[in-house]
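Take the sequences, apply the hints, and build the full model.
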Amino acid sequence: MVSLCPLRRRNKMPFNDEKLSVNDDPLSDSDSSRISESAASLSDYECSRQSFTSDSSSKSSSPASTSPPRVVTFDEVMAAARNISNMTLAHEIAVNENFHVRQGALPENSLAGRVKHVVHQAFWDHLEAELSEDPPEYEHAIKLFEEIRETLLSFLTPGGNRLRTQIGEVLDPDLIRQQAEHNAVDIQGLASYVISTMGKLCAPVRDDDIKELKATGNIVELLRQIFHVLDLMKMDMVNFTIKSLRPHLQRQLVDYERTKFQEILEETPSALDVTKEWIKESVNEELFSLSENASSPGAGSSSRPSLSPTTVLNNSYLKLLHWDYRKKELPETLMTDGTRLQKLTERLNQLKVISCLSLITNNMVGTLIEGLPELSDRLKRISTILLEGMHKETFNLQEALNSIGLQTCVEVNKSLAERDLSTLSPEIQANLIGQLSSIAEGNPICSLIDRRIHLYMKSVLSLPSHQKCMPPMPGGLTIIQPELETLGSQYANIVNLNKQVYGPFYANILRKLLFVEEGGRTAEN
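Going by our numbering, the sequence shown opens with residue 986, and the numbers climb by one from there.
One or more of the hints may lead you astray.
[Unchecked claim] Subject to a maximum C-alpha distance of 20 Å in a straight line, what follows is the list of computed EDC-like cross-link-like pairs (lysine to aspartate or glutamate):
#1 1304 / 1314
#2 1365 / 1396
#3 1261 / 1251
These are computed hints drawn from the structure, not numbers from a lab.
In structure tokens, the structure reads:
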């Protein structure tokens, strides 16, 4: 079996019916650890007060011009769109180990799907009719073998000269036409050669498909299945090429993305508008918070608000954990990680509810189920299952919480009965179900859990990017500790990589927001 190698003839790579596919799971810790490990912390871009207030800056972080807006041409818009597309694709390939390309499939009952099926079936029926004539008409079959030849040649490496020559000779369309004119063409023999060659070039995962081809007797159906397997082999080749490119992209990702974004910014000067507002909002919130503290009793009269760029930027990132991804536009610098951040936030919200359920249950019946870790794990699994999809607009949280309350009572009573203890009274059960259901209405425990999760995530962002150990887990979150640590690691990897790529752009925004005096307020690093 000849293993696949990177496809060199990229013009032969078919993308008409391909669909980019990413695993539903968010970015795993192992997916991006190699990138974030090699990246330095934000301090590489966090200049001193002098550098922030300096007039000199790189092209990538130069202040926006105060001249009238420039008219952007259609070609410039398209160039920016291509840069965004390329940057997004490179980012996804580099950070997502599960990224792959697959063939697009039309829904079976859709109009487009039915039309495609009818057209394809008509073609193969016509081919079968031609081959059944006396004498047979081979022209369409010859064109199919010509296309097969080009596809097989596209799989070869530059060093495969012997096989290249053999394929060209056996599947020479001119030779096949001469044989057809004398009614001496062996269609079945040509198909057998194609199958044999495909077996040499395909990935091991296609061995069963090759066996099925060899067992197919009808020549028209055989040709049809050959094209199907060739399409699968094309996808295998594309995905092998992506896998081969990934280490190179991971090494070059920071410089590549920053360069591409700078090109986008040059084509579209407004490409940082949402990012500026995102950071400005955090600046205003921090200034307000510091002003409140400064005006509180006991504060020194000489104290005045001062902000750190790191604090502002980290708080901006923390806001993403409460972002409305359906209605609110993401900052431009985070568009490539939008899906990962959204899934991470959805999972975090689910864990928050699970932690609230556990805390309420322990407060009410904890003395009865003390020392039964298996019961806690079972209740956690039940909650996780019933809260699946809670981020969807159609999800009925109140109904799910009622079901969790009922199942919790059943499991607790079952555990008590197994130890020959009295089960929960109807009053306690009703109270427990009511308390668990109140989470949907804003139970105070939810606010407490939310603050502790926020504190934990804030501690995660404060860690050096090279540090492996996670910060201490706040009280009340033990039930979700493994999942929360995993999400925290994923979140930190996304943030650290984002800081590395867009650090100079953030530095310029922060310089203008923090170190230009506004009403006597200044910030110190």
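Next on the checklist: Need the list of violated hint numbers for this structure, in ascending order.
Outcome noted: No hint contradicted; all consistent.
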